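> Residues per chain are reported as follows:
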Amino acid sequence: MSEMNQAMIEKYRSNFLQEVEANVEEGHWVKMCMQCGVCSGSCPMENNWDHPPQELFMMIRANKRDEVLSSSSMWMCTSCYNCIARCPRGLPITHIMHGLASYGKRMGLAPKEQPTVKFGDIFWKSIVENGRVNELKIGVGLYFMNGFVQGIKNALAGKELGLAMMKTKRMNPMEYFGGHKCKDRSGIAKMLAKAAEFEAEHVAKFGK
Amino acid sequence: MAKKEYSFYPGCSSQSKASADNFMRSANAMCDALDIQLNEIDDWNCCGASIGYAGGSEIPRLSLSARNIALSKQQQGDKDIVAPCAACWIATREAEDRVNENAHVREGINAALGEIGLKVEPNQMPKTRHMVEVLMEDIGIDAIAKGVTNPLEGVKIAGYVGCQTNRPFGIAGESFENPQYLDQMIEACGAEALNRYEKKVSCCSGALMFSEPQKGQALVKDIIEAAYDGGADMIVTPCQLCQMNVESYQRDINKTFKTKFEMPVVYYSQLIALAYGKSASEAALDGQIIRAKKLEEKAK
Ligand code: SF4
Ligand code: SF4
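Sequence lines, in order, name chains A and B. As numbered in this note's numbering, residues 1 to 208 make up the first sequence, in order. As numbered in this note's numbering, residues 1 to 300 make up the second sequence, in order.
These are computed hints drawn from the structure, not numbers from a lab. A few of these clues could be false.
Beta-carbon label-pair distances, calculated as ranges [as the list claims (entries may be wrong)]:
#1 A:His28 to B:Gln74: 42 to 48 Å
#2 A:Asn15 to B:Asp229: 48 to 54 Å
#3 A:Ser14 to B:Gln37: 55 to 61 Å
#4 A:Pro111 to B:Lys127: 36 to 42 Å
#5 A:Lys181 to B:Asp78: 27 to 33 Å
#6 B:Asn150 to A:Glu160: 38 to 44 Å
#7 B:Ser279 to A:Lys181: 31 to 37 Å
#8 B:Ile141 to A:Glu201: 48 to 54 Å
#9 B:Gln74 to A:Arg61: 27 to 33 Å
#10 B:Asn100 to A:Glu197: 20 to 26 Å
#11 B:Glu101 to A:Gly41: 24 to 30 Å
#12 A:Glu46 to B:Glu296: 37 to 43 Å
If you only want the chain B side, here are some residues facing chain A, beta carbon under 10 Å, derived [to be verified]:
#13 Asp35
#14 Gly55
#15 Ile59
Quick caveat, the model's predicted, so the values are computed rather than measured. Backbone N, C-alpha and C define an ideal beta-carbon position, used for all residues, glycine too.
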């Protein structure tokens with residue numbers, strides 16, 4: 001990915017805004033931001049951000065490419081859509097946040113030890129393999145994402161909840177060995193591979 | 001009432017013995033009571049949920065929803081798709097919007113769908129609606145109230161709408177800041193709705209509860225506290241992720257914040273099922289981690 005990152009830096013020289021417009025989901029909206037700050041003030045994660053949305057949009061215009069794409073801020077978005085509901089300019093802020101996160105990852109700049117980055121991979125893997133999410137495997141994967149010892153600690157700490165979920169028939173231990181799946185898993189895998197290929201080609205060659 | 005039929009997209013959490021198993025069981029009882037028939041889309045897949053962006057980028061993620069739309073169209077024509085999960089509903093509607101509006105995305109999605117012999121065409125996709133829209137728009141709150149045979153009198157309930165059932169699309173005619181439909185459902189069932197529930201539309205942290213549990217629990221603490229402040233016996237929600245997040249971490253929250261929470265969190269479908277005379281087990285009250293004792297007493 002760093003090769004692609006280098007190619008992008010050369011292609012867009014010092015114009016990160018253009019790069020965002022071309023390559024980031026809903027990125028063409030960024031220039032519409034008038035810096036009013038409503039989104040930042042409406043965000044439930046406001047105390048946990050390095051850079052709330054308004055600030056990220058300003059940084060994009062100020063060409064702070066690496067700072068934006070390697071930020072953990074976008075990965076803090078809960079997808080509550082409060083910002084979208086309130087933005088006076090109608091920016092699809094939630095989608096831009098997701099888009100920036102995803103693009104940062106594509107460029108190999110997303111923070112490596114960020115828990116939501118890791119969780120997102122576990123979740124997506126479940127979809128690609130089964131067509132549906134396997135809640136139990138995702139839960140177990142989450143417990144263990146920071147290594148085996150921490151995983152055992154986490155699993156023990158979460159044991160009571162797990163037992164309660166089983167008792168109320170909201171978790172099935174057998175899910176770990178199979179569980180809910182789509183029938184056409186190979187078709188879904190083919191479809192997703194094609195979608196990814198289409199997208200990668202367009203990012204590399206032309207932008208959108 | 002004549003039977004109403006829909007194409008149905010249950011979503012991952014509503015599968016048997018998944019985290020919202022209790023939702024689905026009670027929704028079946030509710031639909032039986034209200035004469036609604038849900039025809040499941042054969043071989044539907046995950047919508048990607050709100051966290052799908054983290055592993056899958058725009059076109060792969062939207063292709064997932066496009067596949068569901070295309071399957072529904074193939075199997076059930078133009079029948080409305082009903083999703084009971086806010087994340088599924090939003091993801092599917094967003095895919096529909098993006099296919100209608102963005103030629104580049106449409107091209108990518110159709111290239112992907114072409115691999116499995118499917119296709120979506122702009123402005124020719126079936127509509128995707130939330131289960132709550134079906135209740136409020138197709139059945140209507142007055143009709144729901146009229147059929148109640150077992151009013152849930154004396155139960156005081158905080159209607160927690162949360163985020164995604166409310167934003168960005170919401171239910172037509174409702175405000176983002178103070179939507180009324182959930183309170184109306186509570187009252188239609190004969191229970192009492194808290195009239196000022198401070199945290200009605202605040203965020204439970206969604207999928208970040210898994211990756212950022214401390215931050216998530218801090219948000220949920222305020223949601224529960226506000227329900228206690230208003231004197232609620234329980235919380236009701238239309239959202240599977242809200243239900244899970246608000247109900248099941250109370251033990252951890254009590255440890256962290258030295259609180260003594262024991263607040264039941266139920267679904268609207270459970271209230272309606274009970275109010276229509278369904279049993280406690282049909283309404284899946286045995287699926288509560290924190291038992292809703294006041295409802296158990298009311299159950300027929
Ligand atoms: S609310 Fe909209 S216009 Fe205001 S700062 Fe945020 S994105 Fe910009
Ligand atoms: S959708 Fe994301 S960025 Fe917007 S207010 Fe919610 S958490 Fe903040």
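> Now look at each hint and say whether the structure bears it out.
The hints, checked one at a time:
Range check, His28 of chain A to Gln74 of chain B: about 33 Å between beta-carbon atoms, so the 42 to 48 Å window is missed. About 51 Å separates the C-beta atoms of Asn15 of chain A and Asp229 of chain B, a value consistent with the hinted range of 48 to 54 Å. As the Cβ distance of Ser14 of chain A to Gln37 of chain B is approximately 59 Å, the hint placing it in 55 to 61 Å holds. Between Pro111 of chain A and Lys127 of chain B the C-beta distance comes to about 39 Å, which sits within the given range of 36 to 42 Å.
Restraint check, Lys181 of chain A to Asp78 of chain B: a C-beta distance of roughly 29 Å satisfies the suggested window 27 to 33 Å. Between Asn150 of chain B and Glu160 of chain A the CB atoms are about 34 Å apart, so this pair departs from the stated range of 38 to 44 Å. Remark: the range hint 31 to 37 Å for Ser279 of chain B to Lys181 of chain A is upheld by a beta-carbon distance near 32 Å. Checked against the hint of 48 to 54 Å, the C-beta distance between Ile141 of chain B and Glu201 of chain A comes to roughly 50 Å, which is consistent with it.
Evaluation of the 27 to 33 Å hint for Gln74 of chain B and Arg61 of chain A yields a failure: the beta carbon distance comes to about 45 Å. Range check, Asn100 of chain B to Glu197 of chain A: Cβ separation about 24 Å, and the 20 to 26 Å hint holds. In this structure the hint that Glu101 of chain B and Gly41 of chain A lie 24 to 30 Å apart at CB holds, the actual value being about 29 Å. As the Cβ distance of Glu46 of chain A to Glu296 of chain B is approximately 40 Å, the hint placing it in 37 to 43 Å holds.
Among the interface hints, the one on Asp35 of chain B is violated; its C-beta lies about 27 Å from the nearest C-beta in chain A, farther than the 10 Å criterion. Hint on Gly55 of chain B holds. Least Cβ distance to chain A is approximately 2 Å, under the 10 Å limit. Taking 10 Å as the C-beta contact cut-off toward chain A, the hint placing Ile59 of chain B at the interface holds, the least distance being around 4 Å.
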